[in-house]
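Chain order of the listed sequences is A and B. Residue numbering for the first sequence follows the numbering used here, beginning at 1 and increasing consecutively. Residue numbering for the second sequence follows the numbering used here, beginning at 280 and increasing consecutively.
Simulated from the structure, these hints should not be mistaken for laboratory data. Glycine included, each C-beta is placed from N, C-alpha and C at the ideal position. There are no misleading hints in this set.
Computed footprint of chain A on chain B; a stretch qualifies when at least three of its residues, placed anywhere within it, have a C-beta under 8 Å from a C-beta of chain A:
#: 1; segment: 287 to 298
#: 2; segment: 339 to 348
#: 3; segment: 539 to 552
Residue-level listing of the chains:
Protein chains: 2
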Amino acid sequence: MEIVSEAKSHGGRQLVCRHSSVATGTDMTFSVFLPPQSESGARLPVVWYLSGLTCTHANVTENGEYRAACAQLGLVFVAPDTSPRGEGVPTAPDGGWDLGLGAGFYLDATEEPWSGHYRMWTYVTEELPALIEAKFPVESGRQGIMGHSMGGHGALTVALRNPERFRSVSAFSPIIAPSQVPWGQKALGNYLGADRRAWRKHDAVALIEDGARIPELLVDVGDSDPFLEQELRPELLEEACQSAGIELQLNRRPGYDHSYYFISTFMADHLRWHAERLR
Amino acid sequence: MEIVSEAKSHGGRQLVCRHSSVATGTDMTFSVFLPPQSESGARLPVVWYLSGLTCTHANVTENGEYRAACAQLGLVFVAPDTSPRGEGVPTAPDGGWDLGLGAGFYLDATEEPWSGHYRMWTYVTEELPALIEAKFPVESGRQGIMGHSMGGHGALTVALRNPERFRSVSAFSPIIAPSQVPWGQKALGNYLGADRRAWRKHDAVALIEDGARIPELLVDVGDSDPFLEQELRPELLEEACQSAGIELQLNRRPGYDHSYYFISTFMADHLRWHAERLR
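Use the sequences and the hints to build the structure in full.
What follows is the structure, encoded as structure tokens:
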């Protein structure tokens with residue numbers, strides 16, 4: 001693992017790192033913020049942040065406004081990329097931004113031409129966690145996960161399938177039922193094939209319907225989000241959580257959109273919510 | 280004036296606006312954050328933020344982490360561009376980033392080929408203030424100004440030459456004696472010509488030596504800033520302020536560099552400092 005850049009910020013250290021990934025067969029870049037409390041050598045709770053369509057690690061790292069809260073709360077913050085990148089990595093044949101580069105959907109593709117590199121599930125659930133634990137002062141028993149849009153989908157599905165690992169789960173504007181919305185249908189159909197049974201373990205609402213459980217969940221959405229009605233459909237998550245007895249705190253924020261102007265507004269609230277559960 | 284984008288953030292509204300500038304003879308883009316207190320229609324104090332080399336309005340708007348503090352303190356925050364841009368606007372013949380596009384140095388150029396469009400002094404001291412006052416709920420009697428690097432130079436020179444207009448002045452990593460450092464000598468020589476007497480009104484230390492006065496000044500620099508010794512030289516400002524009786528609070532921040540990771544760390548401190556003086 002190579003440290004690409006390092007800067008002091010809010011009393012801690014903001015790193016950008018690159019490593020050669022076995023899972024994706026490419027170099028992968030991620031960012032990690034080490035709060036000032038890490039200087040003592042103590043192992044700290046860690047919050048994973050999975051980003052949305054078109055993003056790299058850089059979007060939340062530059063625009064997410066998480067460092068002040070992480071420094072105050074003593075949280076390590078890790079932000080992976082959203083897809084493999086580099087020579088030989090295929091992307092959307094139609095030039096679209098909702099498939100291929102920047103749109104890995106946090107799954108292991110089984111279909112050609114994707115299955116060779118698009119293995120983000122293994123990357124974010126196995127390879128990167130092992131690297132983070134080996135290289136940084138994190139406590140694996142105190143992990144939270146959050147994400148935005150496609151990364152909210154990632155956070156929810158990763159948590160629902162690994163409930164023993166995460167003590168706290170939250171999302172901004174998540175895609176919660178990809179099998180039922182255009183972005184998800186395009187991605188899951190291409191990456192996993194036409195058999196919709198294979199989609200269910202990458203669909204938060206389907207996972208809950210099939211019995212996956214976490215105790216509680218914090219979700220914020222903007223009511224002026226242009227993707228709310230067609231792609232996000234938070235009411236489907238409300239129904240699934242209610243049926244399953246999952247305590248969902250769903251905040252519909254008046255006037256907010258899908259951007260980091262929205263995310264950054266409520267980032268500190270989410271991090272406090274995670275910190276309370278990671279104590 | 281056209282609103283290019285608008286997003287709700289931290290309870291207020293982050294706008295990006297474009298207008299046709301008489302001063303520069305180009306379209307100019309700037310951002311303005313209206314805190315939630317502006318909804319009442321009351322006129323609010325305004326803080327001007329002048330950006331550094333290579334930046335547009337977008338850098339601080341996306342990476343500056345100012346909105347939470349402005350929303351709490353009731354401050355309007357305006358961020359202009361750093362140079363004219365567009366068809367027919369000349370830039371550095373050597374391709375450098377320290378002259379021409381993104382490097383207007385907040386002065387009115389007198390030399391060819393710059394004098395046609397590079398009129399950022401008139402733009403930030405006359406044209407844009409008049410537009411802001413006409414279009415947004417700001418109180419012209421309560422203005423503060425701050426900036427970063429080349430924009431710190433801009434903030435100091437604008438304030439020193441207009442002390443009646445600004446109640447508060449601060450800077451991150453400012454260029455304070457451009458006549459004495461390579462970035463400044465290149466810019467002032469190109470824009471203003473070889474006669475160094477013309478440079479003095481665009482050099483904060485020279486202005487203070489020549490009698491310009493403001494009561495006090497807040498400056499933060501990182502002691503790991505790679506430009507500290509050659510381009511910034513804050514000790515020259517310390518000496519000038521001491522001789523002139525200007526109360527300078529100079530914070531040398533251990534481990535911090537020249538980036539927005541540094542600026543964002545101390546942004547809220549600066550805004551509180553401004554707000555106390557703008558009450």
